[in-house]
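Whenever a hint applies, use it, and build me the whole structure from the sequences.
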Amino acid sequence: MMKRLNKLVLGISFLMLAISITAGCGIGKEAEIKKSFEKTLSMYPIKNLEDLYDKEGYRDDQFDKNDKGTWIINSEMV
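Counted the way mature numbering (1 follows the signal peptide of the UniProt record, and there is no 0) counts, the sequence shown spans residues -23 to -1, 1 to 55.
Hint data in this document are derived by calculation from the structure and do not stem from the laboratory.
Predicted model only: the values in this text are computed from it and were never measured.
We put the beta carbon where it would ideally sit given N, CA and C, even for glycine.
Some clues are possibly wrong.
Computed spacing ranges between beta-carbons, pair by pair [stated by the list, open to error]:
hint	residue 1	residue 2	range
1	Ile23	Ser(-4)	38 to 46 angstroms
2	Gly(-13)	Thr17	42 to 50 angstroms
3	Ser52	Val(-15)	54 to 62 angstroms
Calculated lysine-lysine pairs in the BS3-like style (CA-CA distance at most 25 angstroms, straight line) [to be verified]:
hint	residue 1	residue 2
4	Lys24	Lys12
5	Lys24	Lys11
6	Lys16	Lys6
What follows is the structure in structure tokens.
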């Protein structure tokens, strides 16, 4: 009876150890991704990204002063 209990405790301990090691590996990777993302965003100190696109360009008399134009985004997989 005691041997069986020891094997059960040892098995559960091994299982817990394996789960904690497996779960712990993802934490470091997630932190690395967040750090990389913050590093990329730190290059752009602009709080309002619309400022990048709200630039006055050439406009003739046909355009309204508040007309921002239309952006067309085309994307395809090659």
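Range hint 38 to 46 angstroms (beta carbons of Ile23 and Ser(-4)) holds or violated | holds, 42 angstroms
Sort out whether Lys6 lies within 25 angstroms of Lys16, counting only the CA atoms.
-> Given that 25 angstroms is the threshold and the Cα spacing comes to 15 angstroms, the pair holds.
Return holds or violated for the Cβ distance of Ser52 and Val(-15) against the range 54 to 62 angstroms.
-> holds, 56 angstroms
Take a quick look at whether Lys24 and Lys11 sit within 25 angstroms of each other, Cα to Cα.
-> holds, 19 angstroms
Distance restraint evaluation - Gly(-13), Thr17, Cβ atoms, bounds 42 to 50 angstroms | holds, 45 angstroms
25 angstroms limit on alpha-carbon distance, applied to hinted pair Lys24 and Lys12 = holds, 19 angstroms
Against the hints set out earlier in the document, no violation occurs for any number.
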